[in-house]
Amino acid sequence: MPYVVRRPDRNLWEQSYVPETVRGLGVTLRHFFRNVFGRRDTVTLLYPEQRRPYPPRFRGLHRLTQRDDGAPRCTACLCCQTACPAECIHIVAGEYPPEHPLAHVEKYPVEFWIDELRCVSCGLCVEACPCDAIRMDTGLHPRPVEARPHLIYERNLLLSISDTAGNVHTANPRKK
Amino acid sequence: MNAFFVWMTVAKIVAFVLFILTGGALMVWVERRLSAMMQDRVGPHRANLGRFRLWGLIHILADGLKMMVKEDFIPRRADRLLHALAPILAFFPVVVTFAVVPFGPTLDFAHLGAVNHEGPLFSGPWATTLQVATIDVGLLFVLAIAGTGVVGAVLAGAASDNRFSLLGSLRAASQMISYEVTLGASLVGCILVFGTLRIEQMVLWQHQHVWGILVQPLAFLLFLVAGIAESKRVPFDLPEGESEIVAGYFLEYSGMKFAMFFLGELMEIVVLAILLTVFFLGGWDVPFLFADGLHVDLPFLDTWVWNWPHGVVVLVQLLGFTVKVGAMVFLQMALRWTLPRFRYDQLMDLGWKVLLPLSLGNIAVTAVVLAALR
Amino acid sequence: MEEYREEELVLPADPMVLNMGPSHPAMHGTVRCVLRLDGEQVVDCDVQIGYLHRGFEKECEAGTWTQVFPYTDRLNYASPLLNNIGYALAVEKLLGITVPPRCQYLRVILGEVARICDHCVCNAAMAMELGAFTVFLYLVKAREWLFELLEEVTGARVTHSFCRIGGLRHDLPEGFDERLRAALQKTLAAVEDSEKLLLRNRVFMDRTMDVGAISPERALAYGWTGPCLRSTGVAYDVRKIHPYLVYDQFDFDIPVGSRGDNYDRFVVRLEEIRQSARIIDQALRRLPDGPIAVPDDLGVILPDKLQTYTTIERTIQHFKIVTEGIQVPAGEVYSYTEAANGELGFYIVSTGGGRPHKCRVRPPCFANLQALPELVRGRLLPDIIPTFGSINMIGGECDR
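Residue numbers (the working numbering), protein chains in the order written: chain A, 1 to 176; chain B, 1001 to 1374; chain C, 2001 to 2400.
If you're looking for bench data, these hints aren't it; they were derived computationally from the structure.
Among the hints, a few may not be true.
[As the list claims (entries may be wrong)] So, partial list: chain B residues that the calculated Cβ filter (under 7 Å) puts toward chain A: (1) Met1037; (2) Asp1040; (3) Thr1338.
Quick reminder that beta carbons are idealized off the backbone N, C-alpha and C, glycines included.
Make the full structure from the sequences, and use the hints.
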């Protein structure tokens, strides 16, 4: 049901300024005295000494997951590159040499670039990956750099980043 | 006019100027930390000298250093002379007002340890008033000097060649001139009651009788409001009106020139607090403390007297003065962080249609009551 | 003595032209008001928008239906989830699918949290520009508690990209409802503090009452919606009049104003925070179990991850959705929801296939903002600030 919001009357209480000012002072001073003498209600985090733990779902820097032998889990299917709305992923796919057990089964990323400056941290790449090769669960921000190329992360750097628990392996059951 | 008098005057000037300057700088810290605590923040506390942070007090030094090394920007089409003159004109009156304010009673260096039976104000070869200048028309001097504060603000805005600044200086001119009327008129009641224009005599009256706020409560309120309006702070900060005219009349100032406006405004808080203390809160008067020591009127018994040495009495009175000034500063700060800002026409309405009639009415009532009592 | 004609004695008093913005403390969202001032009186006000134009609608045509989500986050950046939901509902309408009940409830809960955030920010900014800085910090503090919760659910503070066509990205984390209830309680306490500081304070009342007032007829003529329209007394709320999701199952009221001035807009927003809290409370209590997305055999939602990793059928389906996009049948649809600022409409056209042919947004604050010149003309310069603040123009949404 619609109801009309209250508009205070304008009688002497309001028109004389003083009572309402005193009431306002009551609010600010209550906060003041509680913060100075009582238990502190200050919400400021003293970064960098204090840090708020990021929630597990926090979308941070990308990482590439590893197989058991340390090779990238990525099969260079280009799903993430396709799904990325910011077009910040660039993959060059390569064939395994013929003697490799995975030859003619999968490809692998010869190059895997992510431009973290263009990334909008939407997480669509993680969702688009059909083999759990790319993740954003690192809990890290892109660190400040002095030149733009420093934030274009390449394959081995992405592979070396772990999640918050230090895990670098993929959760994909087809690890081999 | 002996050498002692001259040297004492010089010493007092130096001491007071240092007191105001550090007080003004301290206000920066007080303002920041106080508002932070009211708003559930921490406030600045990072600046440090090695391991010492001193609750953020060192930010004052950092700020001062920053102001000094900043570029002194002058707009291309600004009037360079007036642009440079304006901050000085805005800063000067604030400092000068202190000259006539009594910080304490007379101090006699010859009898620091003895009990003083002469009363708080006396003269002697080694006695000096804790006041730079004891002039006959102290109160008028305060009002006159406060009146010149507007010049700096107007010149700053007019010389900056910026339309926001111009609006700011127009607002400053009308606001400060309007509220000066109330500022003066609200004190007339005090003059009637105290019967003098000498500020040290006004304090003495309050010392001997009661504090001004008890005989002139309305004048206290009017003077407080008009004083905040004179110092151009929220809720009367229209001349700078951050969100409306960006920074108003000092929009085009940077570096030390900006610092002079900034410090001047913060020192005005101290000035207003001191004036409120002197006119309404008994100045250096501490309840039950007289020149020769504590006097407590016990019910059904005689007055209980505890004699203190002269030096201790003056020290406690100076301390009492400082505490009162601190409380008034706190009140102003708390108001500043509680209230929103007036609009220009509402400000004028308040000044001319509410405060001025009230202060005139206060004069009339005071005069009638005094005449009836006589 | 020289003779003067009367007209020579009149000083020239042409209006002064003053550029307020695009870089001005009160013109948040980057907008420019070219003012013609007579003293402090506003003779004319020309609002110039477009400083935040990114080409949202054109960009949408370049990507798949799913890739639009990150763009919608940046429409009304004070309440991104509501845009997410609005867009998802539009595409779902064209697809002719309805999301499962749990998903609908989650969308309602998270959307109302976003609405509270938006109203907090709007009122906070308005109060700050009136000089009440303390109120600003109280309300923004409250928004921060809610943003932390949204981050916990979605993975990002502002750019959530959380909705998906046909569902949501994640379910709620463990123990979320207690944390949300606690945060809401603290938020309502902060709202109460700011009400005590402002609502009956004469300085605030003088600044806002009967300033920027508009009649319901004029407001409707301008196409106003949302809290701004409701402040004039028109009880139009899409959630009530044309219920979507499960809004018809909740018990909540529509606060309306009586004068349509800044005070009413401020109070209506504060009241809506309370109403939103009521909705959230009911939704949390009735939250059903079940899936958070439509079944994956519809070809709308990405199939289950574990099956994608292990079975070839699901892998192929996954690839088809990612590379070709969701196949939306040809047609056009206009879908509208109640965003924080008013009616947020998405008019989308599909020619079949994986990409939008056209995605037109009806931003609520664009319609609201066009009344600004009328609201401030003839008033004083300082009146622009609360009026502009209570209209709550969000550059990202208005300029797209």
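Report task. Quick one: which hint numbers does this structure break? Sort them smallest to largest. Result -> none
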